[in-house]
Amino acid sequence: MLELRNVDTRYGQIPMLRQVSMKVEAGEAVCLLGANGAGKTTLLKTILGMVKPTAGEVIYNGQRIDHLPPHKIIASGIAIVPEREGLFPKLTVEDNLLFGAYYEKDKDIIKSRLEEALTIFPRLKERYHQKAGTLSGGERKMLGIARALLSGPQLLLMDEPSLGLAPATVIEVYDVIARIKAEKNITILLIEQNAQKALEVVERGYVIQKGSIILEGSTEELQENEIIKESYLAVN
Amino acid sequence: MKTKINGTNGKIISLATSLGVCLALYICLVSSLTAALLILALGLGLIIYGERKDSIEQVYLSVEKNKPIVLGIIVLFVLVLPFLLHKNNYLLHVVVMAGIYAIVALGLNFQVGSTGMVNFAPAALFGAGAYVSAIAAVKFGISPWLGILLGMVGAALLGLIFGFPALKTRGYYLSLVTIALQIIFTQMIVNTAWLGGPNGIPGIPPYELAGFSFKQSLKILGLTIPYQINYIYLTFIFLGLTALAASRLYTSRTGLAWNAIEQDEIVAATQGINLTKEKLLAFALGAAFAGVAGALYAHYTSFIGYEDFDFSKSLILICMVLLGGMDNVSGVTLGAILLTIIDEKLRDFADYRMLMYSVILITILITRSQGLLPKRTRKYKEKSTGMPCVGQTVTMGGESSGSLKN
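Chains V and P, in that order, are what the protein sequence lines are.
Position 164 of the first sequence, counting from 1, maps to 164 under the working numbering, and the rest follow consecutively.
Position 330 of the second sequence, counting from 1, maps to 566 under the working numbering, and the rest follow consecutively.
Treat the hints as calculated values from the structure; they're not laboratory data.
Since this is a predicted model, take the numbers as computed values, not measurements.
There may be inaccurate statements among the hints.
[Stated by the list, open to error] Straight line, CA to CA, 30 Å or less: simulated DSS-like cross-link-like pairs of lysine-lysine:
no., chain 1, residue 1, chain 2, residue 2
1, P, Lys303, V, Lys90
2, P, Lys513, V, Lys131
3, V, Lys107, P, Lys289
4, P, Lys301, P, Lys513
5, V, Lys131, V, Lys52
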């Protein structure tokens with residue numbers, strides 16, 4: 001479904017991604033693990049067309065998308081839950097949700113998706129007319145995920161859903177991710193530092209370090225890997 | 237909220253509000269500066285008190301529920317106003333100008349209020365409409381009615397050009413660029429002989445309808461009413477149309493996208509909003525409004541010169557949006573009308589006029605930094621199922637987004 005082939009991305013003269021190749025098949029859940037500054041978010045930005053790669057190709061559903069502007073890439077069925085949610089704090093929960101359905105014109109579809117999202121996230125129903133800036137961290141995260149679901153995406157990108165949350169809330173968020181994966185036919189690319197949690201829901205994973213993919217494998221392989229154990233799982 | 241609003245209660249509230257606002261504006265218009273300022277202070281106090289007590293929300297709700305009553309009162313007020321003022325050409329002139337500036341301010345609000353791009357060149361866009369329509373009529377003999385359309389298109393094109401810097405710059409940098417554009421516009425007019433240069437364009441023909449010139453005085457029931465009445469009606473018809481368009485846009489996908497850009501451009505892009513399209517649209521649409529107002533202005537005053545469209549006029553237009561309340565259609569309209577009236581009242585101060593003007597503005601903005609009527613959160617109409625009915629209010633402006641799919 002999504003494939004990166006030898007992608008190089010730079011910020012000015014600073015290389016951020018070097019020869020990154022990875023693949024996400026339809027229906028799969030894949031995670032990308034990496035420390036701060038490893039290039040995780042840059043990789044996401046490259047997929048979304050917000051930074052253009054200097055070399056390599058990004059292929060989505062058989063077509064190259066690396067030259068397209070972000071709005072066209074989003075319109076082709078990719079949704080993102082940005083790092084720190086990326087909500088519009090001065091707009092209501094309702095308005096924020098509606099951005100998810102920005103490309104959907106059928107009112108009935110929008111309505112049924114809203115209903116579905118509000119059953120998955122009942123808390124948002126209580127906060128429906130509140131400004132998004134007044135929500136708690138966990139609620140904001142939920143709103144970010146709900147908004148992404150409202151576009152009816154084929155591919156869901158999540159940028160560190162556990163970031164800045166209390167451990168109990170992290171569990172809640174991951175329950176939701178597992179539920180989405182089980183109930184809906186959405187391909188998920190999860191970007192995380194919290195390897196333990198991420199590896200609970202995905203089938204495969206990649207590890208990125210200093211802009212290069214250094215490791216890839218199935219969940220079991222990664223869990224057994226020494227580097228992962230040492231740097232991410234804190235197992236001796 | 238203390239009491240739930242029921243049908244009759246809401247009707248009375250909305251009736252009282254609309255009558256009160258109309259009456260207050262009328263008194264501001266006819267009385268001295270002191271009285272006008274007192275009325276303004278009283279109105280401000282009422283709004284602040286209402287917000288503390290939460291009753292302002294009730295007023296908003298009942299006004300929204302009983303729109304026909306409110307609109308009826310306003311239409312009636314505009315219809316009757318010229319008859320109340322028929323002995324005073326000057327006040328009638330102020331009313332026309334208030335209407336014209338309100339149209340420009342509504343357009344400017346798309347950029348400043350909705351999208352957060354502070355455009356310091358609204359007067360240039362206003363002037364573009366005026367010059368296009370005036371040149372078309374004076375040099376090519378084109379009907380002023382068609383001139384409205386030409387002025388609108390001409391200004392919208394200039395708006396597009398002004399919008400291009402907005403794609404690359406933001407915040408203070410964008411403001412600087414628009415200031416430069418404003419100065420280029422006035423300098424260009426001064427230095428182009430074909431556009432009348434510093435002498436302006438005199439002898440712009442008025443509107444005509446079936447042989448009746450809009451510069452003729454009306455005689456109704458033995459009363460002779462100055463010709464300004466024709467222009468009051470014409471201007472306020474256009475103001476009504478533009479206000480309707482602006483409020484529809486506010487609740488549309490486009491309005492939502494503009495707000496998103498205002499708050500966070502990067503996040504807006506991750507939500508699939510086409511930044512280029514939406515920013516240019518805010519400029520072009522706002523400019524189109526200004527163009528219509530400009531065309532009306534040119535054929536109303538019959539003379540235009542560069543000084544009508546200079547930087548200080550731009551500042552006043554921005555003040556109207558800021559003072560009225562950004563991204564609130566009624567607020568912006570009210571702000572434009574009030575500032576036009578106050579500006580005229582200050583003519584007595586001669587040299588100290590701008591000083592007084594700024595003192596009043598600063599005082600108002602200190603007491604109310606968000607403007608008279610601040611931006612409101614959107615609420616969509618709910619259907620009986622209890623679920624929000626989204627489509628009703630988000631359908632407009634979404635037509636082009638469909639083509640981007642696949």
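Each hint tested on the structure:
1. Lys303(P) - Lys90(V): Given pair lysine 303(P), lysine 90(V) holds - Cα atoms ~27 Å apart, limit 30 Å.
2. Lys513(P) - Lys131(V): This hinted pair holds, its Cα atoms lying about 26 Å apart.
3. Lys107(V) - Lys289(P): Not satisfied, since the Cα-Cα distance of roughly 37 Å exceeds 30 Å.
4. Lys301(P) - Lys513(P): With a Cα-Cα distance of about 34 Å, the restraint between lysine 301(P) and lysine 513(P) is violated, given a limit of 30 Å.
5. Lys131(V) - Lys52(V): Not OK: lysine 131(V) and lysine 52(V) at ~34 Å, beyond 30 Å, violated.
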